[in-house]
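All chains, please: the whole structure from these sequences, using the hints.
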Amino acid sequence: MALVVFLRGVNVGGYKRFRPSVLAKKLTKYDMINVGAAGTFVVMKPISQSKLRVELLRRLPFEAEIMICSARDVTSLASAERFAGEPCGPDVVHFVSVLAKRPRVLPTIPLSLPPGDNWLVKIIEVRGRFAFGLYRRSMRTIGFLSQLEKRLGGSATTRNWNTITTIIEILKASRAMQQGKRPT
23 MALVVFLRGV NVGGYKRFRP SVLAKKLTKY DMINVGAAGT FVVMKPISQS
73 KLRVELLRRL PFEAEIMICS ARDVTSLASA ERFAGEPCGP DVVHFVSVLA
123 KRPRVLPTIP LSLPPGDNWL VKIIEVRGRF AFGLYRRSMR TIGFLSQLEK
173 RLGGSATTRN WNTITTIIEI LKASRAMQQG KRPT
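Heads up: the sequence shown begins at 23 in the working numbering, then just goes up one per residue.
Some hints here could point you the wrong way.
[To be verified] Under the rule of at most 27 Å between Cα atoms (straight-line distance), these lysine-lysine pairs were calculated in the DSS-like manner:
no., residue 1, residue 2
1, LYS38, LYS172
2, LYS48, LYS38
3, LYS144, LYS47
4, LYS51, LYS67
5, LYS48, LYS67
6, LYS73, LYS144
7, LYS48, LYS73
8, LYS67, LYS123
9, LYS51, LYS38
10, LYS67, LYS194
11, LYS123, LYS194
[Unchecked claim] Computed spacing ranges between beta-carbons, pair by pair:
no., residue 1, residue 2, range
12, GLY138, LYS194, 32 to 42 Å
13, SER70, VAL114, 36 to 46 Å
14, GLY111, GLY165, 21 to 31 Å
15, ARG197, THR50, 16 to 26 Å
16, LYS194, ARG41, 37 to 47 Å
17, THR50, ARG126, 32 to 42 Å
18, LYS51, GLY138, 49 to 59 Å
In short, the hints are calculated from the structure, not lab data. Predicted, not measured: the structure shown is a model, and the values here were computed from it. Even glycine gets a Cβ: it sits at the ideal position worked out from N, Cα and C.
Laid out in structure tokens, this is it:
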């Protein structure tokens, strides 16, 4: 079973900088695929989550918080149109926050920060360890994104919905190749 890795708080504003492509090359024995610069990886060869976590921490030049999800959990995110009826455009970004743990208590959904029609961050659904939302491009948005962890009750790392769809495409193509089919 493939795994998907999300590192929290790396390559942001010069903090905890590293080259994800170099890390992926060091872990080629696990068929690790780098997805972007934010510390997101797809690991195709079987490995336990605990062993993968140890491998990553050993090779990173700093301490990092690591969220690991099964391929099944991530591919299930594509099973519904998450953002239907929500605003879209160049000033609105659809995202998923991956939580370290499933929230014990869910906030009232939708959760708008700040409250009201002039929100900058809005959570529209929480499903297991995944919070789906939108944010408006603004200098103030980062402050509201950082409040999500408090509202959701634990550590989280956020990725653009485009990154999640890229991961899903990688996983589907790999599955098709394993079954001897051509990827669609």
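Going down the list of hints, with the structure as the test:
no.	hint	in the structure
1	LYS38 / LYS172	22 Å, holds
2	LYS48 / LYS38	18 Å, holds
3	LYS144 / LYS47	37 Å, violated
4	LYS51 / LYS67	8 Å, holds
5	LYS48 / LYS67	14 Å, holds
6	LYS73 / LYS144	35 Å, violated
7	LYS48 / LYS73	15 Å, holds
8	LYS67 / LYS123	24 Å, holds
9	LYS51 / LYS38	25 Å, holds
10	LYS67 / LYS194	15 Å, holds
11	LYS123 / LYS194	25 Å, holds
12	GLY138 / LYS194: 32 to 42 Å	39 Å, holds
13	SER70 / VAL114: 36 to 46 Å	39 Å, holds
14	GLY111 / GLY165: 21 to 31 Å	22 Å, holds
15	ARG197 / THR50: 16 to 26 Å	20 Å, holds
16	LYS194 / ARG41: 37 to 47 Å	27 Å, violated
17	THR50 / ARG126: 32 to 42 Å	38 Å, holds
18	LYS51 / GLY138: 49 to 59 Å	51 Å, holds
The structure fails hints 3, 6, 16 (numbered hints given earlier, in ascending order).
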